[in-house]
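Trainee: Turn these sequences into a full structure, and let the hints steer you where they fit.
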Amino acid sequence: MARFDFIETPLPDLILVRRKVIEDQRGFLSRFFCADEFREAGMSKPVVQINHTQTRAKGAVRGLHFQYPPHAETKVVSCLHGEIFDVAVDLRRNSPTFLQWHGVLLSARNRQSLLIPEGFAHGFQTLSEDCELIYLHTAAYQPQAEGGLNVADTRLGIAWPLNITELSERDRNHKMSEQEFQGRAL
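To convert, count from 1 in the sequence shown and add 31; that's our numbering.
Treat the hints as calculated values from the structure; they're not laboratory data. Warning: the hint list may mix true and false statements.
[What the hints assert, rightly or not] In silico BS3-like links for lysine-lysine, alpha-carbon gap of 30 Å or less:
id, residue 1, residue 2
1, Lys76, Lys51
2, Lys89, Lys51
3, Lys89, Lys206
Mentor: Structure representation (structure tokens):
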């Protein structure tokens, strides 16, 4: 019995994941991850790192982060507490959706995740205070392979739902995608 619904988004290979829930008077159970089912949805590499984050302020933005090959990663992003607007940007240079973005609401209540494949940048904005996220990664973090795009890049045109209240120095200093930005070959 499948424990997830994998839903295509407008960006090829970017998948919205809905966890199915079994509930009774005691509470609920939902499977958070199943390698077999995620492999069928396109996640071919194993999970090698799991990160847990907290962002305290409503309106804060983290991102837009990615890792350059050969350390490119697939991520599964889930919100365990609070509510976020989660965004993925297609950086695959030969993709028909190159530099297009897609955003979804992830929350503890809706039990959805975003399966973000290699070749995408990722970021999010908190829509409530004290948001906690968990990330499953198919590659370990490598500081020398880190990349990022500026969240205010007008070429991307991301429609953040709230005014940005907080942004790290690192994220504020990410470059804009100049006209000659060619994306990533995979």
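Trainee: Where does the structure disagree with the numbered hints, that is, which hint numbers, in rising order?
Mentor: Violated hints: none; all satisfied.
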